[in-house]
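Chains A and B supply the protein sequences, listed in that same order. Numbering-wise (the numbering used here), the first sequence opens with residue 1 and increments by one. Numbering-wise (the numbering used here), the second sequence opens with residue 344 and increments by one.
A hint or two may mislead.
Unchecked claim - To spell it out: a stretch of chain B is covered by chain A in this simulated footprint if at least three of its residues, at any positions, have a beta carbon under 8 Å from a beta carbon of chain A; those stretches are:
| # | segment |
| --- | --- |
| 1 | 369 to 377 |
| 2 | 689 to 697 |
| 3 | 799 to 812 |
Simulated from the structure, these hints should not be mistaken for laboratory data. Ideal Cβ placement from N, Cα and C applies to all residues, glycine included.
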Amino acid sequence: MTSSHPRPTLRRLAPVLAAAALALPALSACSLLNPPDLVVYNAQHEELLDEIVPLFEEQSGLDVELRSGKDLEMANQIVEEGKDSPADVFLTENSPAMSIVDKEGLFAPVPDEALASIPPEFVPSSKTWTGFLARSTVAMYNTDSMTEADMPASILDFAEPEWKGRVGFSPTGADFQAIVSAVLELEGEDATREWLAGLKENGVILQNNLVVMQAANAGEIDAGIAYHYYWYRDREESGTDSDSSALHFFGDQDPGAFLSVSGAGVLAAAEHPEAADEFVTWLTSTEAQQAMAESYALEYPLNPDAELNAEVKPFEELEPPTVDVASLNGPLVTELMTEAGLL
Amino acid sequence: MALLALIPLGYVVTYTAIIGPVDLWHLVVRPRILELLGNTVSIALACMGACAVLGVGLAALVERTDLPGKRVWHGLLVAPLAIPAFVNGYAWVSLDRSVHGFWGAFLVITLSYYPLVYLPVVASLRGLDPALEESAWSLGHSRWRSFRSVVVPQLRPALLGGVLLVGLHLLAEFGALALLRFPTFTTAIYDQYGSTFNGQAATAMAGVLVLLCLLLLLADLRLRGQRHYSRVGQGAARRAVPARLGRARWPSVGVVGLVVLLALGVPSYSLLHWLWVGTSTEFPLGELSAAAATTVLLAAAGAVVTTMAAVPVVWLAVRHRGRLSTLVERCTYIANALPGIVVGLALVVASLRLVPIVYQTALLLVVAYAILFLPRAVVTVRAGLEQAPLVLDHVAHSLGAGPVETARRVTLPLIAPSLGAGAALVFLAVSTELTATLMLSPIGTHTLATEFWSASSELRYGAAAPYALLLVAISVPATLLLMRQERLQP
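Isolated chain A, as found in the complex (with noise of 0.2 Å):
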């Protein structure tokens, strides 16, 4: 081969490119000519927007732009932005990503129609933004080497020596940050800097929530901590990774027995105020709510007149410790992480 050979194929693939280069403008073009009316900054899990924002899309002829991406990011990208931010809605799956953009003022107040159809404890006494679904803190463990006697009475133990090697958890993740902003906020500064020292000591560091279950399920560790729903929606799939595990639900109003709650808020700087306004009341209504509690996500939802399956845990059993959504201090959270040595 000599170097004339690649020319002809450069001369044939130039125009492909060029006509590449030239469509790349009027694909932007597309979206400007067509904008959407609200832009929702999602940090759920995406196949739960894309299950229900159809539905809301068909109610109020909005089209709807879903961006997705993690809490944390989306939260300090927002920040970031400012009031350049495209967002309209921000939907997240822990409070402390709500937090952190509540506290650079960003948010407007949620309609009081939404707020009507939210229990005050999931609400910031700010009322500038509103839970509308939650999760509970749970440790998976394997049955064939744990029973539920095994299990410890508060999650603060898995950070004791007898626990080495054998608890795994997933220390990059919002889900894991939110529960430790609840230990940081019912047990102080100190206590938490002292449990996440043993839990980097003993504990077992995996992906995220999913590998943390399958781990679990293999037996790869004795337990793991995470929230309810994963090993739920694993039952009600193909039970696959589920199979050989159970849940512990520490209750008492345990730090391990937080709930944490998913947050829906609406950007001060919004381009389509009112229909972000549309989006987050609809979210909270009776409607919108069943329809999440009978979606895959298993997740509680947090109006009083919508039901989860009756095969989850009953939310009145759960016995979680009182903790204020406004409270919860992500940055503090993740200064303390990374002093410990797990960021």
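Chain B: place on chain A using the hints.
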């Protein structure tokens, strides 16, 4: 262009400076950083070494021996280039969860990256004049000894270049290492960023990563030295006479076959397996084709813009040698070792502060790609321009052609093959880029890589498979183009 490439570096330096020396010291000198440093350096050295051995060994077998079915083996050995490292990681880890940590990462990364050494070494072997080696035989050296003492030193530029690429890729690798649960600076920066956006710890880590990249570039410059390896003399080099493998024939086939089986067979099996298992549940044709079209469009735009941007940089570096032009050229490399996430973050901050109108547009995304992948185009185009004799330009001038006409009729046609190869490399890189795309893409944009990532990180292996397969499929033409590019230079 070089200035644009400096935005990410400027960002890292500025924010590191804001932190202040005391806090920075605490952020850098802590157990987690040491752990990450150990991980990053050990995996980089191990993979660079393994890729060097595998790349040279396989190239010598295919190019210099009577290995049966050489042409077929050559194609199969280059083919893993079309399988992105994170698709390969997914293929292994989804079949066997015990493939993780250091050894898992070592296996998968080596199998994904060795073509980066193999390809230039093959090209180099092909271009070598066998006369020197034959002189060594005539002096009584054994075939193996002459290969070691005469041929291997001449492979040095190709080998070093390939190994440098492996190292730089590895410093920036995110997807595969995250899937295989082996934390390095890049995965840790991503985790940190996920928690704090432009947090101090993430910036400090990015700073350490930049230093590692500089070390690598420096080591490369020193090792490369000032020696020249070009052939002097008249006439054309012949092809070397292949060595007879004799009794080693079938074991050699076994070794090559094993590499192909691991690097190509496992991912193919895994993809088809998940496709088979997953097809029944999920095969969203609309989303698949939309993601594929977006990916091809973005990758093509990225390839065109980046290659065009590389031309002036290379022209400056080759035709107007000097400190400044070397500096400009080397500047472009630094962004290559920065993970997409740092480049993405820098561009978010810079665009919001300076030109908010381009924020979250395809334009900004293409700029990010150009910054990230400019070195690949520069390196390839440079190899082409180095070989285009300046005297032809002079001849054109003397015949009355102006600079534009000279460029159009003489220089550009001469470097066209390397432009094509550069564009192909960038195309491959853009189509699998993940983190910068996640941050900068216009709202509602989904590429094959981002869709694959969201499915595979939620362990929906079946749903991830069609995206992975399409990624491989659109990488094939670019890989074929590279395979034909005999003089592919790192």
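Of all the hints numbered above, which does this structure not satisfy? Sort the numbers upward. Result: no hint breaks.
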